[in-house]
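A.B. asks: Listed in order, the protein sequences are those of chains D and Z. First residue of the first sequence? That's 1 in our numbering, and the numbers climb one at a time after it. First residue of the second sequence? That's 1001 in our numbering, and the numbers climb one at a time after it.
Heads up, some of the hints might be wrong.
Some, not all, of what chain D presents toward chain Z, calculated at C-beta under 8 Å [what the hints assert, rightly or not]:
{"hint": "1", "residue": "G96"}
{"hint": "2", "residue": "D99"}
{"hint": "3", "residue": "T113"}
{"hint": "4", "residue": "R129"}
{"hint": "5", "residue": "A131"}
{"hint": "6", "residue": "E132"}
{"hint": "7", "residue": "F138"}
Just so you know, the hints here were simulated from the structure itself, not pulled from any lab data. Where a beta carbon is used, it is the ideal one built from N, C-alpha and C, also for glycine.
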Amino acid sequence: MAVPFPSEAFFQALAAAMAQAHDRFRALGFFDATIGIGVLPDAADGDARLFVLAFEVFECTRAQEVASLAPSDVDVILEGKLGAWREMFENIRANGAADVAHSINTLTHFGETLTLRYDDPDGHDKLYRFAESVQQFFDLAATLDGVTYEAAPRRTAPAA
Amino acid sequence: MSYLSTKDFLDDKDFVDRWQYTLRSGELDLSWMRAATKDAVCAPQNARRGLTFRDLDVPGYGYSTMPDLARENRSFAPRGAEIPPGCPDLQAEVNRKSEVWAYNIESYYEEAMSRQWNATTDVPWADLAAAELPDDIARAYSQLLTFLTEVEMIATDVPAKWLGRLNADFFEVKNFMATQVMDEARHAEVFRKRALTTGYGLMRASPANEVNLKFLRDADSFSESSTTLHLQAEGMVLTLFRFSEYISPTDGDKKLFRLVMQDEARHVGYGMQHLKWILDHFPEKREIIHKHLDEAENFVFGGAYAVEVMEPFIILSGKGMKKENIEQGCRITAQFQVKQVEEYFERLEKCGLPERKDRSQLYKALELGHANLEAMGLRTH
Chain D
1 MAVPFPSEAF FQALAAAMAQ AHDRFRALGF FDATIGIGVL PDAADGDARL FVLAFEVFEC
61 TRAQEVASLA PSDVDVILEG KLGAWREMFE NIRANGAADV AHSINTLTHF GETLTLRYDD
121 PDGHDKLYRF AESVQQFFDL AATLDGVTYE AAPRRTAPAA
Chain Z
1001 MSYLSTKDFL DDKDFVDRWQ YTLRSGELDL SWMRAATKDA VCAPQNARRG LTFRDLDVPG
1061 YGYSTMPDLA RENRSFAPRG AEIPPGCPDL QAEVNRKSEV WAYNIESYYE EAMSRQWNAT
1121 TDVPWADLAA AELPDDIARA YSQLLTFLTE VEMIATDVPA KWLGRLNADF FEVKNFMATQ
1181 VMDEARHAEV FRKRALTTGY GLMRASPANE VNLKFLRDAD SFSESSTTLH LQAEGMVLTL
1241 FRFSEYISPT DGDKKLFRLV MQDEARHVGY GMQHLKWILD HFPEKREIIH KHLDEAENFV
1301 FGGAYAVEVM EPFIILSGKG MKKENIEQGC RITAQFQVKQ VEEYFERLEK CGLPERKDRS
1361 QLYKALELGH ANLEAMGLRT H
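Chain Z with its partners taken away, still in its complex shape (with noise of 0.2 Å):
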């Protein structure tokens, strides 16, 4: 108990004599109808959406007119009301709005919101209990199942430990992290369930990958942690769920796939649309982003191209462990190494960070990764 209560309400007579003289005698003080908020009148501007953040952007509550820098607010306050003094000052470590905006973030806790799925009930479990898969295919489905429930838990705790650390002004930012953490939650059940249905249940923990979720875990701020987290991992762990949807062995891990592929995409949108608003908003934070990128690329490198990771993708993508299976299976896995890579590449230079390619390790690995598919015969771009 590392905060205590200046007093004892209970010792204290003056509380407690006003509280049962309120009770007893009915005379009430209402002070409180007086705050010094101003009137709301909210109502949803498309009927079938509902009532949505962006209906309650009004004057005295909304996001649009909102500070850069929150100094006002120390506290719980919720943003718009008054803040009598005694309120506690909880020492938000964010509390510069460009450090956390995203663009549109309103639109996209709401789509959060309404996309939520189940892992319980919406995956046909019963069809994929009944489905056999061959021992290999089996062993490698579930290797790569272990190393996405690893990586999921991670990307629980990531907006978990930020989410106490932000101004409570950033109220959609907050809200929005809220759903990713329940969305990562649920990913991370998800795949513990499938890897506990193939009938061979988890296989080995990555710790390459462990190093790279870690440096994820323990950015210095909140815009380095989303860079890495939203754009990069959640980026190229988009890639994968498409290549992982595109190489399931069935309907149902068909099915699974595409749920989880959505609630990432919906991460990567938020975090593009956050690094285009720091990079907009507070340019300072640019050099700070490449020398966390700089890092992190490493990282990722180590982790995705670990043989833990790689050689299940060349063993599903084949189809198989016989010797035209695997070269099949290099062949894809070699061509979605590119893609993914690509796609990271593509998605920092619409958010206004073209010059990252001239200074990436990472995309020196693209040119290597181009090579090997202009030596397997296929395409280069």
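Next comes chain D alone, as it looks inside the complex (with noise of 0.2 Å):
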């Protein structure tokens, strides 16, 4: 079943894939590190969507959608436009894995497609020291049944 992006029930099902892919993410390492997501509108007026998702050990312990998100929140903030996303996700989901042109360290890199937010560098170190595991857990994009793009309900949130 399709899931729309952006949405809690996205980030969940990128989570239990990474559940699936266990031996996967075992062998890369431990993954420790809170990441926050920002889906911007494209235009104007629209409303900025925003997610935290927990990594611990070798899993996805938490992706849900909060009300607020400040980078004081997580370590390290990933930011962009919807449009922006889309390509990303459209991107992995055609080749199976980012290409060159997709990696989140190509598309953060000067902050031209996606912004990175932090309060501490160490926090902001933690998208490198766990560089492989974060591509790898954007990458499963690809093996899920589908992915659309109109606005999904947004659930009743928590702050981060």
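Now that you have both chains on their own, put them together as the hints suggest.
C.D. replies: Below is the structure:
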């Protein structure tokens, strides 16, 4: 069944796919980080959708929509317009994994497509300490039955 | 052979008699069973993670309660063991915990162990061998790989040099250093292998960087060495690896740089937590570290901005050597250089060294970098 993006269901589907791929993530090693996701509207008048992804040992232990998200709540926030996220996930689904132009590091490097926000450079560096795990987590979008990009209902969300 | 036993054991009649008597009679001494040590019961607090060093942080053995000055153990005796008379004085050069320790050192070690990878089998070499790169890109890439191999060779030597000089009580730090030696050796391996699969082999060594690397190796103390190796050099190399992933020509190269950046970021993490620890527990070191950074920053400016390092970046990021490629490459490389230095000062500030900006020549270079960006019509903050 297709899952809508952006939605809590989408990130929970990635978390479930990560659990299914336990051996692959175990081989990559401990993955302890909390990453915020900000999906900004393409148009100026829309609302942002915010999510928290918590990773512990080899699993994603929390994939939740939140009402507010500050850099101090997480290690680092990945933020970009819906169109940028959509292009990344469509690329991943078309190729089975991100191609050279769509890896997380490439999209965030100069903040042109996705932006990084953080309070603590140590938290920022976690994106690189766990770079391959982060990339393979997002690459799991290729394994989902389908992804739609119509606005999904917002879940009543707690603060981060 | 500089160290000799005080006796020839085979000529020691008492020793030989004791050995033979024990085996023939079965009469055991067993005095070691009464070692003056604590009993310990340790178990994983998180079964998914396994038994970690943090689980072993118990009275008599743990690192939390160890004194700052390691006065008692001069030998290889594992921390917590009874040290009987006769253990040699190894003359460790670093016997002060605050000189080497880092917040969460135990978890950096566990992370390092669980995230090891294999340069021979985890990189898609067959795909990379099949990828054909344009001549100018391949030459620039080979030059970058030559530089990176050089850098990683010294990064292997520096922690290896300090390993045997640290008191055995600093077990967790020594083990982390051992993982770093393996990480850096693997980086030198993977960059050499990649250079030799581009079809162009290695290019030219970098004198400007070698003098910088020599300075790194020859630091007077562990904390000076760590601040420049882990925090300054590896911090800048981490930004460089991310930039290299950004400009990598193939999926396989992207993966290669993601794997090396993981290790590098972990070393930077140790460096940050170590500098915080020093400033919190050994504040007299602050000025010594500043003095060391004064010269380290001079070396790093000369090394990182040398033509044999900077020009490959320009060609790779501009994707060629036509005029428009070079112009684009200069813009991207100028942004990278500013980012690299900004992140360095960001980390120092977070560690508790915010005043570094005020006395740093490199910070003045950053201001010049911002002027370059402004002249190019790019962001300056």
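A.B. asks: Of the hints given before, which are not true for this structure?
C.D. replies: Violated hints (numbers, rising): 1, 3 and 7; every other hint is consistent with the structure.
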